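Enquirer: Numbering (my numbering), first residue to last: -14 to 423.
Please keep in mind that the hints were generated in silico from the structure rather than gathered at the bench.
All values derive from a computational prediction rather than experimental measurement.
It cannot be assumed that every hint is accurate.
Stated by the list, open to error - Listed next, the in silico BS3-like pairs over lysine-lysine satisfying Cα-Cα at most 30 Å (straight line):
1. K123 x K247
2. K340 x K(-3)
3. K82 x K278
4. K419 x K340
5. K123 x K82
6. K419 x K394
7. K108 x K278
8. K247 x K236
9. K236 x K278
10. K236 x K123
11. K247 x K278
12. K278 x K340
Claimed, not checked - Here are the computed distance ranges between Cβ atoms for each label pair:
13. I224 x G284: 44 to 54 Å
14. S288 x P29: 48 to 58 Å
15. G406 x D245: 30 to 40 Å
16. A210 x A348: 29 to 39 Å
17. G264 x R131: 17 to 27 Å
Each residue gets a CB set at the ideal place from its N, CA and C atoms; glycine is no exception.
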Amino acid sequence: MRLSRAFQPTLKEVPSEAQIASHRLMLRAGLIRQTAAGIYAWLPAGLRVLRNIARIVREEQDAIGAQEVLMPTIQSADLWRRSGRYDAYGPEMLRLKDRHERELLYGPTNEEMITDLFGGAVKSYRELPQVLYQIQWKFRDEVRPRFGVMRGREFFMKDAYTFDADYEGAVKSYRRMMLAYLRTFQRLGVRAVPMVADTGPIGGNLSHEFLILAPTGESGVFYDAALEEQDWLSEPVDIDDSASLAAFFDKVTHFYAATDEKHDEAAWAEVPEGRRREGRGIEVGHIFYFGTKYSESMGISVSGPDGAPLYPEMGSYGIGVSRLVGAIIEASHDEAGLIWPDAVAPYKAAILNLKPGDSATDAVCERLYAAGAEIFLYDDRAERAGVKFNDADLMGHPWQMIVGPRGAKDGTVELKRRATGERFELSVEDALAKVLGA
RNA sequence: CGGGGCGUGGCGCAGCCUGGUAGCGCGCUUGUUUUGGGUACAAGAGGCCCCCGGUUCGAAUCCGGGCGCCCCGACCA
-14 MRLSRAFQPT
-4 LKEVPSEAQI
6 ASHRLMLRAG
16 LIRQTAAGIY
26 AWLPAGLRVL
36 RNIARIVREE
46 QDAIGAQEVL
56 MPTIQSADLW
66 RRSGRYDAYG
76 PEMLRLKDRH
86 ERELLYGPTN
96 EEMITDLFGG
106 AVKSYRELPQ
116 VLYQIQWKFR
126 DEVRPRFGVM
136 RGREFFMKDA
146 YTFDADYEGA
156 VKSYRRMMLA
166 YLRTFQRLGV
176 RAVPMVADTG
186 PIGGNLSHEF
196 LILAPTGESG
206 VFYDAALEEQ
216 DWLSEPVDID
226 DSASLAAFFD
236 KVTHFYAATD
246 EKHDEAAWAE
256 VPEGRRREGR
266 GIEVGHIFYF
276 GTKYSESMGI
286 SVSGPDGAPL
296 YPEMGSYGIG
306 VSRLVGAIIE
316 ASHDEAGLIW
326 PDAVAPYKAA
336 ILNLKPGDSA
346 TDAVCERLYA
356 AGAEIFLYDD
366 RAERAGVKFN
376 DADLMGHPWQ
386 MIVGPRGAKD
396 GTVELKRRAT
406 GERFELSVED
416 ALAKVLGA
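Construct the entire structure; sequences and hints are all you get.
Expert: In structure tokens:
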């Protein structure tokens, strides 16, 4: 994309409504615009980030055998009456009526719908386990939306649901999902720590939240500093083998880590004093096992080995995709602006022409630009180098490809790494290889 | 839902107390100049002052009622 054609309204000054860094930067960089309290429009660069995150989430879900579906945002109230949650959910659920006065709702989550879909299609225990997921917009009518996309009312979420024939199977599914989550966050370039969590109104008794540690987080967290050094993904895990999954799970849950809701003073006291850390975290994922809560309440069963009805053991698993955009920024920015991890950046690199109009620099820039759609060209709309540098810093492009008259003459480009400030003087070919290979 | 605050060109704000027909910075347009990290000068464009009602000769300003948004707290991916 060329700056001169881009719908990318950056701002020099911070809109007064934004308080925290990620929200301010998202507005300033032209990633989003607010359209109502807690409701945002995603502009091209922001949407590219959102899609990059969704893509990685999708790949890691697929890798553990989950199958993607897409369910509607609007659901029938009757479906929710079957589980009893229509009355239980409260004013956070946005309720609607159609022209025939039928009661509908904008889905805050999808346990009821997926359970119903499952029940209509799966008839035998031999078809289990099943793992289904979707990446879809949700709406929860928060009392107080804030922090931009980190606590919006409308949000983009990956929600997965597992169906197993027995408890052992459900635990395997839960652990596989734990693995997928850690892999997902690693690829996104953030460290999200799994913590023992409250199961909340969804019910059940096996639950972990994944939190990105950041001072602006909404949850208080207590953890053993030793887990900061753990690399849980260095050894391969056989997702079909219970023992391998169990070993992995034990490793991940070995050190104390809990949100304030589940904080256990007795267990905390056993953590060596020098390693006790209290802080704040941003919840970006949550996994639950809740047994037969929905399958039983909704009357969804399959035939068991003995021919009798078997209510599947279920779990549900969420990742806040839109929230992650804000959370990643909270974890990765500086005074000058965004610093995108390579995997989620809207563009891999920005080309900065230090002397537009110079035939040599123009030619090198066009050559670089022709190498791929993942490259952003700062062309004629900002003719001054300073403006371009500041804008590129604000946008957080992982690489800046700086083309000046001297380098252009002998075919070299200066590469600057946004995150570290490192600089490299490379040939055009090498520069492209480094940027596009990264 | 309790407490606080705000609503004036695209963005950030002043003006309101003490009514007299709207201003500043940035951005935008045009021209000249300049260009190795937010150039300088000049000339322009752009505003139902959130909405409705009231008071008044006259309302951005005073009064009443709405609506919207933000912040603190209680609640949540």
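Enquirer: Does each hint hold? Answer for all of them.
Expert: Verification of the supplied hints:
1. K123 x K247: Between K123 and K247 the Cα gap is close to 26 Å, so the pair holds against 30 Å.
2. K340 x K(-3): Cα-Cα ~23 Å, so holds.
3. K82 x K278: Holds, because 28 Å separates the two Cα atoms, which is no more than 30 Å.
4. K419 x K340: 23 Å, holds
5. K123 x K82: Holds: K123 and K82 sit about 18 Å apart, inside 30 Å.
6. K419 x K394: 21 Å, holds
7. K108 x K278: 19 Å, holds
8. K247 x K236: 20 Å, holds
9. K236 x K278: With a Cα-Cα distance of about 29 Å, the restraint between K236 and K278 holds, given a limit of 30 Å.
10. K236 x K123: Since the Cα atoms of K236 and K123 sit roughly 33 Å apart, the hinted pair is violated (cutoff 30 Å).
11. K247 x K278: 22 Å, holds
12. K278 x K340: Outside the cut-off at roughly 66 Å; violated.
13. I224 x G284: 44 to 54 Å: Taking Cβ atoms as reference, I224 and G284 lie about 31 Å apart, which means the hint is violated.
14. S288 x P29: 48 to 58 Å: Holds, at about 50 Å.
15. G406 x D245: 30 to 40 Å: Since G406 and D245 have Cβ atoms about 37 Å apart, the given range 30 to 40 Å holds.
16. A210 x A348: 29 to 39 Å: 53 Å, violated
17. G264 x R131: 17 to 27 Å: Since G264 and R131 have Cβ atoms about 20 Å apart, the given range 17 to 27 Å holds.
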